[in-house]
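Asks: Chain by chain, the residues:
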Amino acid sequence: MFMTVVGALNEGFVQTLSLFAVTLLGALPLGLVVSFGSMSRFAPLRWLTRTVIWIIRGTPLMLQLYIIFFIPGMVLPSGNPWPAGTTGRFMAASVAFIINYSCYFAEIYRGGIQGVPAGQQEAGLVLGMTKSQIFFRVTLLQMVKRVVPPMSNEIITLVKDTSLAQVISIQEVIWAGKAFLKSSHGYKGLLWPLFFTGVYYLVFNGGLTLLFGWIEKKLDYFK
Amino acid sequence: MKKKLSLILAAAICLSLAACGGKGEDTSKSQNGGASSSQQTAGSDLAYVKDKGTLIVGITEFEPMDYKDADGQWIGFDADMARAFAESLGVEPEFQLIDWDSKVMELEGKTLDVVWNGMTLTDDVQAAMECSVPYFNNAQVVIVKKDVADQYQTAESIADLQFAVENGSAGQEVLDGMGIAYTAAQDQATALLEVQSGTADAAVIDYLMAAAMTGEGTSYADLTYTVSLNDEQYGVGFRKGSDLAAALNEFFKTSYADGTMQRIADTYKIGDKLIEQK
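These protein sequence lines map, in sequence, to chains S and L. Take any residue in the first sequence, note its place counting from 1, add 3, and you have its number in our numbering. Take any residue in the second sequence, note its place counting from 1, add 962, and you have its number in our numbering.
It is worth saying that the hints were derived from the structure and are not from the lab. There may be inaccurate statements among the hints.
Calculated cross-link-like contacts (lysine to aspartate or glutamate; reagent style DMTMM-like; alpha-carbon spacing at most 25 Å) [what the hints assert, rightly or not]: (1) L:LYS1030 x S:GLU14; (2) L:LYS1215 x L:ASP1234; (3) S:LYS163 x L:ASP1063; (4) S:LYS163 x L:ASP1149; (5) L:LYS1202 x L:GLU1070; (6) L:LYS1215 x L:GLU1092; (7) L:LYS1202 x L:ASP1061; (8) L:LYS1240 x L:GLU1212; (9) L:LYS1235 x L:GLU1070; (10) L:LYS1065 x S:ASP164; (11) S:LYS220 x S:GLU157; (12) S:LYS163 x L:ASP1061; (13) L:LYS1030 x L:GLU1049; (14) L:LYS1108 x L:GLU1118; (15) L:LYS1235 x L:ASP1085.
Note that the structure is predicted; figures quoted are calculated from it, not measured.
Whenever a hint applies, use it, and build me the whole structure from the sequences.
Replies: See below:
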């Protein structure tokens, strides 16, 4: 019985990890783009970006999942645009998570960039460097070091937030555990698989914590 | 250079926003148009399903209605009937596990075509969906711990118990009707969990589910079911205004007449609760 349950939970955890990985891949770079938008010297772009961040951070991710997955099929005359089956649900969840997390990441990046003393930029300008040279050669690495602790916070939250995707029927690990409450894989009314899913999150987040500790150490040479 | 770039970007964003706005107007127009046209050509939903060649069936794991066999195939009374119905339409059935609370949204968002999962025909359900005729008799039963079951064999005896019941379920309506207070749980399984852990004295769930989930061999071995609070019937739900409901009623008739429906129900040992289709 234990092996069957672990097998089912593993299947679910693969979904959890896929959503986690896809979100990171999308939101890490997109967040940087959004943070540039929110710091632009061109006011309309800056305000537009900040409004988007306000909306995305100001509404629940669960609501955003519902809206992104269900609303298109209700308003588009051609019907539901998401591909059929699990693929479409996973795509919708990925889109929702990437948009949501890139807004949080953008604010963390902004803090990291604006935290680099302005004197360094002025020094760069005096030396005749262009703005982009200053960003890539002076600011970027210092920003990376500064954002590691808040990013690790946000990324660990992301691991657990993936469980929200079950509202559009992504069968992630908590879904797989809850299925045993009723009946799944030939077993009926089992309680412990749901609680056992906690072990998966704990172990994975433990690994992430070690990883971030290691990265912080590696970046220690910037003072 | 930078300034130009951001100007272009901003212009692009404004344009795309304007385009979105425009589109929004268009769709609202066509939606209004669509509402009237969907009433004229009520055949649209059946045609829509036939046209795309698939019938997406929304289910949850619910033995003996929808569950997986050893090969991972969806079987059960509802799954088998859904497969036969799809075949009669000449389309492929696709089974999709759903979050039960989202079923109406799933239908309206066209991410499903039908909800076919031992669904009790309540007023709420019939208001939100186009439902088939009832095809199966069920009851809501009271779940209590085995050791106290003797005291709660009548509808009067349960009035003072602390209840847990699935939010929006038929059981909740029954308790509302009897004026009994309860805690709303996320689903029937969670309601059982409340009784098991002692955070509630009793739960109200489907007879079918009670029979499958309590007693020997489950985590709920010390729970049992006692009094039936009402009789109720299962139906199949489609999008509001869909003509698929009428098509299914016809299908039920022929399937009942040639004995197929009874045979499938007997396979899952629930034949005695089938409702005659005529």
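Asks: Starting from the hint list further up, note which numbers the structure goes against and sort them upward.
Replies: 9
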